[in-house]
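Protein chains: 2
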Amino acid sequence: MDLTPLNPPRRILMGPGPSDVDPRVLTAMALPTVGHLDPAFISVMEQVRAMLQAVFGTQNKLTIPMSGTGSAGMEAAMVNLVAPGDRVLVGVNGVFGGRLCAVAERAGGEVVRVEAPWGTALDPDAFRAAAKGRGFKVLALVHAETSTGVLQDLSGFRAVADELGALLLIDAVTSLGGVPVDLDAHGVDAAYSGTQKCLSCPPGLAPLSYSARAVEAVKARTTPPVSWYLDLSLIARYWLGTEESGGAARAYHHTAPINMVYGLHEALRIALSEGLEARFARHRRIAAAFVAGLEAMDLPLPVAPADRLPQLSLVRVPDGVDEKQVRTELLAEHGLEIGGGLGAFAGKAWRIGLMGSACTEDNGRLCLSALRAALGRQGRVVADPLPAFDAAL
Amino acid sequence: MDLTPLNPPRRILMGPGPSDVDPRVLTAMALPTVGHLDPAFISVMEQVRAMLQAVFGTQNKLTIPMSGTGSAGMEAAMVNLVAPGDRVLVGVNGVFGGRLCAVAERAGGEVVRVEAPWGTALDPDAFRAAAKGRGFKVLALVHAETSTGVLQDLSGFRAVADELGALLLIDAVTSLGGVPVDLDAHGVDAAYSGTQKCLSCPPGLAPLSYSARAVEAVKARTTPPVSWYLDLSLIARYWLGTEESGGAARAYHHTAPINMVYGLHEALRIALSEGLEARFARHRRIAAAFVAGLEAMDLPLPVAPADRLPQLSLVRVPDGVDEKQVRTELLAEHGLEIGGGLGAFAGKAWRIGLMGSACTEDNGRLCLSALRAALGRQGRVVADPLPAFDAAL
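Protein sequences appear in the order of chains Y and P. First residue of the first sequence? That's 1 in our numbering, and the numbers climb one at a time after it. First residue of the second sequence? That's 1001 in our numbering, and the numbers climb one at a time after it.
These aren't lab readings, by the way, just hints derived from the structure by calculation. Computed from a predicted model, the values in this text were never measured in an experiment. There's no promise every hint is true.
[Said to hold, decoys possible] Result set (DSBU-like, lysine-lysine): computed pairs, CA atoms no more than 30 Å apart in a straight line:
(1) Y/348 - Y/324
(2) Y/219 - Y/324
(3) Y/132 - Y/219
(4) P/1061 - Y/324
(5) Y/61 - P/1324
(6) P/1219 - P/1132
[Said to hold, decoys possible] Quick look at which bits of chain P chain Y covers, simulated, 3 or more residues with Cβ under 8 Å:
(7) 1023 to 1036
(8) 1054 to 1063
(9) 1202 to 1208
(10) 1249 to 1256
(11) 1261 to 1273
C-beta: ideal position from N, C-alpha, C; glycine also.
Excised from the complex, chain Y in its bound form:
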């Protein structure tokens, strides 16, 4: 039995997540554990809820972290709304749209897919056409496709959802804290995220928000959700207090992951102390410079400029370049992690993140220089990207 102590290396995390974690967040996670019903923890929960409302751009009361990673947030958001036989209209232009379909189907939903090519955004009219005049329980789509780096414009989807009588559900895993999410402005009913992207907290929690309309839909169910662990009616009795006590008493459901909630608390404090607008501007500014550097090296970016996520760039691997070798070298020589492609882009693209704490000028320069050197070692000589990076800042 190997009982040597942990000694993880120091990395610079510029993949599609997890992103670099601020040492303040790590320190918060190491604070003493208290009980899940301790009055001191209840006040932490209330602060987390208020800060999550701010980053989600919502007044939704039911805005809480689920006790699992982003995919648990997806499952919670979907299965509390979908009962067997419910029709669900899902936009699919990447891995996570496909995952939404799988989750809805396992809950007994009848899924209609609205497909768009990977690397492009979805159009509201395509949802109208796919609906063919039928009503739907849920219209779901991905705000920030982590598999392609596409930012989805949410304008116009509330109108489509209203026409279909549907609740509007979005995946905000990679968007939250990096670009505006503005749930209330867009009329979103259900949204979920992860902590390990632009919030720069370790993975392990899934912020989720349900509108009053979504909560009513849950109350109107005649069968319980397939998941007990992610049952929001039961979890709300812990996070919001029980209705019979007017919110004063908290009912045990499962033991909340106390120290992960500490970490999220600190990550949210950091984001809100920076200021959301300043944080979004930082992501836009450094991403623009990073893209200028990539273009200076003639590396193709498959996503159209208007649809690009600042915090995650999809970069096509040039012909003849061993993409895995490049990633291996970046990790070995610089402790720098970038991501490979997923699904349609597996083996064909890199995914390079500039998320949260990792979104710095120095990281942008380091990654561009390291990429240039790794490409050079494979015989592909490209221009110095740094002048373009610096000029675009």
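Add chain P to chain Y, keeping to what the hints say.
Here is chain P on its own, set in the frame of chain Y:
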């Protein structure tokens, strides 16, 4: 917006969990986050798997932490085995037996309950009688009932499961690391636990183990489990590597909660460095002294001596005593958390844990003395428990 830093109080956690966390575990959780596919993390995963096998007493290859709390472990263990229409025989002598029924029913299982009074153990013959000669897919019961402090003898249940053609599933949330679990010796097919009990790691992960027979049952399914997030066939491709690569390549499913896994790694190192036998003996020795102290104060223990968990004592609240007031005073004056009753024992009992790092002589003495003082303030004068405690050590 309240953006003051976290400042959680230092507690002594002697409720039904979470238990006190060793500072070494908290320090491990604050180590730098790496990627979920980083070679450095893969080796951490392999060590965690080996150490979990040791504490579970199993050679099961599929022995991994699920990315959620103990209840996620319960859901994962159950829903991967149960398809709609499958018969499930469940022992119910407390809250967690009842929860097993709810989880099985939501997965479409036809549940037959085998009831026993709260505070007593279950008898294998009662399962035979309830089965009425029918076959079952799963026979499920709770090894350590956190709601009552009952330790379930597992002897004889493999034989019953074999008679019914059933897989044997146990809840080991409160037992793992505090008493022997010995999955292989008892022929258990599926077990799950939590990190926040006798392993003394913060809540957030659910160790789970599936036997080869349970894995075969999952492979034989014709419909997928209701949960995508907890789908063990998909998760095994990450934790064990993909079958097509002979285990060499890891497939992304969801982003593992990296820093929680660090914490579990350290907690397991601490448990195995102490030695499991020594750890079990420590729990037995201090619990025996603690019970002697409770008896010296004439506090009734509803569970029969042979069925008591060393790590969790159920204590009946004497008539006329305000149990909530006692808990509030212990927390305010000593930072000492003990638990209230659940379900049939709500308002009628305390649950006092001596789990993992919290299982010390000093904590035993402190809790007994504090209880005596709090009872005295409510006019209930009892004998000094410490001489009995010290004599029994």
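Against the structure, the hints come out as follows:
1. Y/348 - Y/324: holds, 10 Å
2. Y/219 - Y/324: violated, 49 Å
3. Y/132 - Y/219: Holds - the C-alpha atoms of residue 219 of chain Y and residue 132 of chain Y are around 28 Å apart, at most 30 Å.
4. P/1061 - Y/324: Distance of about 29 Å is within 30 Å: holds.
5. Y/61 - P/1324: Status holds; Cα separation ~29 Å.
6. P/1219 - P/1132: Distance ~28 Å between residue 1219 of chain P and residue 1132 of chain P Cα, so the pair holds.
7. 1023 to 1036: The restraint on the region 1023 to 1036 of chain P holds, since 11 of its residues have a Cβ under 8 Å from chain Y and three suffice.
8. 1054 to 1063: violated (count 1)
9. 1202 to 1208: holds (count 3)
10. 1249 to 1256: holds (count 5)
11. 1261 to 1273: Since three or more residues must qualify, the claim that chain Y covers the region 1261 to 1273 of chain P holds, with 7 doing so at under 8 Å.
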